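Listed below are the residues making up each chain.
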Amino acid sequence: MKKELTVFDNPRNVKWFLLFFYGCLVLLLIIDPFIHKHGEFPWENAPEFFAAYGFVSCVLLIFIAKLLRRWVKRDEDYYEKL
Amino acid sequence: MLSMMVLPAQIIGFPPALLLIGGAMLIPLLKGRGQSWFMLAVPAATLLILLSTPHGSYWSFQVLGNELILSRIDSLSRVFGYIFCIVTLLGVIFALEENDDLQYCAAFAYAGGALGVTFAGDVFSLYIFWEIMAVASTFLILARRTKASQAAGMRYILVHIVGGLCLLAGLILYVERSGTTEFDFVGLTTIDSLLIFLGIAVNAAIPPLHPWLSDAYPEATVPGAVFLSAFTTKSAVYLMARMFPGTELLIWLGAVMTAIPIFYAVLENDIRRVLAYSLINQVGFMMCGIGIGTALAINGTVAHAFCHILYKALLFMAAGSVLHVTGKIRCTDLGGLYKTMPLTCLFCVIGAASISAFPLFSGFVSKSMIISAAAHNKLVVVWLMLQFASAGVFHHAGIKVPYFMFFGHDSGIRAQEPPPNMLVGMGIAAFLCVFLGVYPYPLYSILPYPVDYLPYTGAHVVGQLQLLLFGALAFCLLILSGYYPAEMRAINLDTDWFYRTGALRFYRVAERTLNTINRRGELFFVGEIAVKTAAWARKGAAGVVTVLMLPVWTLMRLTEESREQLNSKLDGLIRHGLVPLGISVAAVVFLLSGLYFLL
Numbered sequence: 001m002k003k004e005l006t007v008f009d010n011p012r013n014v015k016w017f018l019l020f021f022y023g024c025l026v027l028l029l030i031i032d033p034f035i036h037k038h039g040e041f042p043w044e045n046a047p048e049f050f051a052a053y054g055f056v057s058c059v060l061l062i063f064i065a066k067l068l069r070r071w072v073k074r075d076e077d078y079y080e081k082l
Numbered sequence: 001m002l003s004m005m006v007l008p009a010q011i012i013g014f015p016p017a018l019l020l021i022g023g024a025m026l027i028p029l030l031k032g033r034g035q036s037w038f039m040l041a042v043p044a045a046t047l048l049i050l051l052s053t054p055h056g057s058y059w060s061f062q063v064l065g066n067e068l069i070l071s072r073i074d075s076l077s078r079v080f081g082y083i084f085c086i087v088t089l090l091g092v093i094f095a096l097e098e099n100d101d102l103q104y105c106a107a108f109a110y111a112g113g114a115l116g117v118t119f120a121g122d123v124f125s126l127y128i129f130w131e132i133m134a135v136a137s138t139f140l141i142l143a144r145r146t147k148a149s150q151a152a153g154m155r156y157i158l159v160h161i162v163g164g165l166c167l168l169a170g171l172i173l174y175v176e177r178s179g180t181t182e183f184d185f186v187g188l189t190t191i192d193s194l195l196i197f198l199g200i201a202v203n204a205a206i207p208p209l210h211p212w213l214s215d216a217y218p219e220a221t222v223p224g225a226v227f228l229s230a231f232t233t234k235s236a237v238y239l240m241a242r243m244f245p246g247t248e249l250l251i252w253l254g255a256v257m258t259a260i261p262i263f264y265a266v267l268e269n270d271i272r273r274v275l276a277y278s279l280i281n282q283v284g285f286m287m288c289g290i291g292i293g294t295a296l297a298i299n300g301t302v303a304h305a306f307c308h309i310l311y312k313a314l315l316f317m318a319a320g321s322v323l324h325v326t327g328k329i330r331c332t333d334l335g336g337l338y339k340t341m342p343l344t345c346l347f348c349v350i351g352a353a354s355i356s357a358f359p360l361f362s363g364f365v366s367k368s369m370i371i372s373a374a375a376h377n378k379l380v381v382v383w384l385m386l387q388f389a390s391a392g393v394f395h396h397a398g399i400k401v402p403y404f405m406f407f408g409h410d411s412g413i414r415a416q417e418p419p420p421n422m423l424v425g426m427g428i429a430a431f432l433c434v435f436l437g438v439y440p441y442p443l444y445s446i447l448p449y450p451v452d453y454l455p456y457t458g459a460h461v462v463g464q465l466q467l468l469l470f471g472a473l474a475f476c477l478l479i480l481s482g483y484y485p486a487e488m489r490a491i492n493l494d495t496d497w498f499y500r501t502g503a504l505r506f507y508r509v510a511e512r513t514l515n516t517i518n519r520r521g522e523l524f525f526v527g528e529i530a531v532k533t534a535a536w537a538r539k540g541a542a543g544v545v546t547v548l549m550l551p552v553w554t555l556m557r558l559t560e561e562s563r564e565q566l567n568s569k570l571d572g573l574i575r576h577g578l579v580p581l582g583i584s585v586a587a588v589v590f591l592l593s594g595l596y597f598l599l
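Chains A and B, in that order, are what the protein sequence lines are. Numbering-wise (the numbering used here), the first sequence opens with residue 1 and increments by one. Numbering-wise (the numbering used here), the second sequence opens with residue 1 and increments by one.
If you are wondering where the hints come from, they were derived from the structure by calculation, not from laboratory data. Hints are not guaranteed to be accurate.
What the hints assert, rightly or not - A partial selection of chain B residues facing chain A, derived with a Cβ cut-off under 8 Å:
no., residue
1, 267
2, 376
3, 458
4, 463
5, 478
6, 479
7, 481
8, 500
As the structure is a prediction and not an experimental result, all values here were calculated from the model. Backbone N, C-alpha and C fix where the C-beta goes; we use that ideal spot for every residue, glycine too.
Pulled out of the complex, with its shape left as it was, chain B reads as follows (with noise of 0.2 Å):
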């Protein structure tokens, strides 16, 4: 723990989750600065009382015969909560001048979500919370307010509620198992961790379940994607490492989930778009980490997910800054953008290097235990593959990102930096990133086991600086050359391709089969049978009654004609209903008197 500062007992271990969530609901009541102010508190707020509270399980009770437990602070969701706590202030500050109250309550409620999935001690407000960010976080992309955006944000639901399902379903068949609705380590064995580990996985973007994130954020608004890219995938980090350690197939996907999304960043236009197939990237090497599963790992993972959220958080802020003050986002549309946002270029190649792990930056103290953890494992492929990936996202995320945005050809754009805001809070994760790749001990010292590990030695050093510097090098020498693929105004098909034309396709069958079964129905039964019962009813009537008054009229010997006469006049009295059953009522009637009086 960083420090224990003294509070009234009542608040220690109050549920960050409620603090947020309940901030939420109060900011739409105030204005201008009495909000700002308000908004700052409350992360602020939930920081400090994390901060004076020692481990344990607060918060807990009885509903229906169920423990619910709303704070589990231990060594593990104690950093995820620091973090979370830490990216919501910078994002706040970040959104102030957004004037938004939309996105002010669902960034709150998102981050709630996140810090209630994080401290939840049981599955029911595990799930509960879990919800509530899928939702929460929905309408920081459907606030953008354009036509794409609405799609990106149905869509983006529509996949979370899916995950959200298995994982309900995994997490009641749980509690069938287990009997119990405390939950840590699961482990994949049985059906309902099967069922669990699919809803994670969902949230943490493995491929090929991960198109959601490159579809939805890059639609987001300026300081929703900041938000986006720190909390969802990032619990669903911390609830693997706290429920899957040690997962072997964590280790593969992890590993292949570092290689995909690093092509698709190569080739894509959007540069929100590169930030987010390279956040999958990222999240990937954090996989793997929880897959190998030794404290070295598990260590390297946590602080990989901190460091991450602050370099991400940074990127996305600058590559914002970038759309709010140009309008525009594509490589294509941009560059020699330092010219007149120095300080916004600064900040975003400071977040470029921390991302790729240059020495003296945030990533490179915490990617490397990963890496080093395969290594002592002897986990040969796994490291290779890790390593390739390395060199790869420095060559989109470190170099790419700044090149295209602030390099590059003159695009003409004169832009002036963003409102100052915008720069404290780029500052302030600049400051933070440089701060703990420099001295990364504070971070060390609150990680779930006891660090024994050396960031900065001659080997490795030299080591990430060659696979660097000699990455860049081919970067320069592909581009000088011409082969390095153009930036083109174009979108690369990814997985989402299956629902997204596989809905469309779903769309039009069902669009086709049951239309033409209403088609064909409303013909047969509106057109043929009704129209003949109609017919029927008109005419059958006095066409039983003709019939049954042939032999009559045969008796009375009536001409051909005036048993047509007869027959018309029966026709138009049996169908305007004139009749004249009350004489026949009354006649039987009278009848069946006689009879019991007879008798």
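Only chain A is shown next, with the shape it has when bound in the complex (with noise of 0.2 Å):
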């Protein structure tokens, strides 16, 4: 058996790289305010427009496809079964 790769089966690897993660974020939005914009329109040079952006629009997302599994959802035999 060739060995295995465990790096994520130990709470402490999964919790330094949620971390790492986190603290991406928190760099970003710290820098955010430094960068020289120069968008098209005017919310883009908001400070930290993108970060809500995103963040509203993956939860809208989610929202919506959860909505839409109620109507579209069916048995994975359901064409078999006409």
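Now that you have both chains on their own, put them together as the hints suggest.
The following block contains the structure:
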């Protein structure tokens, strides 16, 4: 049997990974106001616009997808049973 | 042009389509290593010829008074030609261990069809190659040889026949109207252009004409899906960019096209179907760019098609590898594969980062051009939709695909890496994704218009990273909170419901109506009329004779009994054809000849 990678089996590694991820997020928030912006729309130049938009977009995406599921979900053999 | 190599003058401008389709015919005659080398050599040679051919029209001739141009090489068709050759080469490397001549032939003919469409300068050859593409690609689905793939393949070809006929009708009307078979910019103005537009829209998978793609691609063979992901939609993108740039309708269709599939992709359980939905979403960006139609937008579209073909092929290769070694492809069955398939995992993550347009990966340098073009043209709603879709892509293709296959819950599957040729195919594709992301200038130099665009500005990079990483944060929080929609063994109805149930209903209605008519008809004609006719034929003649003889018998004063006897005797004689007709005929002839002599 070949050697297995087990990096993410260790909860400590997962914790470090998440910490690194959150660190990146904080860093992005900190440097944003210092970036020279040249957006075509006024809101593009607003601080942290893209962070907010990205977060809201994804929550909205999941929210609508869950609503959609209620409407379109069928059994796997739906078409065979018709 | 990347470079100009010195090749014999005769093969300059040789139609790439003919090379690949010719190659497809020779493949079954070869075996083993010879076949492998041949399959690698053909797309490589095609690329080489293309690289050394200057712009211009080649291989044009007159057929029945119409001009056929098989090789129109200009700044737009050239880029698509390059990438089609490259992805054919990658696909062949990936498919080398498949040992299925049917798939090899189909893939080559399919690639040849796509290249034929790309370089066709007239509508006739365009249509022929278009249909070659449709037929050849179907075999990449059928070659999976499962019940589901046979059914999906049939639906796929039916949809493409309808689209192809639409295109054909449009092209015929176009030739009637314009008086020429050559084509370039058409514009959406007349009925013929509308039909052409619809025909291309089917292949481009513009909603609501898109479900053939998410229906059929996941049922294709492992390498088949790689080829499929590259040619049909992107040759449609090429034709749209040539015939309908600046069509405002396309901006909106494209924007909707980026948004709708991502909801489905989030819910979908089959990984290759997730990729199929994200393919539609990515083509939406291209349609939007074509609709905007400015130099920046068209450059962005072409660059995005180029990058997209590479990372989508890479993603289909990674998902295909997992399917190949585990036999499973559903999110619910997979997980934790990074432990034994680290290389495949790495390649998949590179593909995922590229499609998500992470800085330093290929999607970033191309997609941002289209979004910038939307901003330059002050298309507020479209811009917001494209940004929403960008965050959504990262969510489903960027995170979900690698997460549920390679991380997530440990499924207990300990599959090994796929064969080396598959790893090499993925490795090269992954390298190109990173290379173009880090150093996009070779790509920028071959785009149709001069490029005056800097992808790596501080605002772009930070904005994009914020959009993506805060989207990822949402994913994390939703997964941890349990609100994220769980992966389920289920399907989600799409617009193919209309023709899948519609066809079934039509069949049932037709069956009921026609079979009822058939049954009633049988009862009436066979059960009633035929029986009565037969009875009359049997008894009718005797009846007539009886009626005729009745006065004679009355005069002869025959008794009731002897009449009955005579009647039944007569009946038997007539029924068996024993009536002594000859005597009467002889008497009549005798009488007539007597009359003749007397007169």
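Hint by hint, here is what the structure shows:
For residue 267(B), the interface hint holds, the least distance from its beta-carbon to any beta-carbon of chain A being 5 Å, beneath 8 Å. For residue 376(B), the interface hint holds, since its Cβ comes within 8 Å of a Cβ in chain A; the closest pair sits about 6 Å apart. Hint status for residue 458(B) relative to chain A: holds, with the closest Cβ pair at about 4 Å, below 8 Å. Because the closest C-beta pair between residue 463(B) and chain A is about 4 Å apart, less than 8 Å, the hint holds.
The criterion of a C-beta within 8 Å of any C-beta in chain A is met by residue 478(B), whose closest approach is roughly 6 Å, and the hint holds. About 10 Å separates the beta-carbon of residue 479(B) from the nearest beta-carbon of chain A, more than 8 Å, and the hint is not met. For residue 481(B), the shortest C-beta to C-beta distance to chain A is roughly 11 Å, which exceeds 8 Å, and the interface hint is violated. Checking residue 500(B) against chain A: minimum C-beta separation of about 6 Å stays under 8 Å; hint holds.
The earlier numbered hints that this structure contradicts are 6 and 7.
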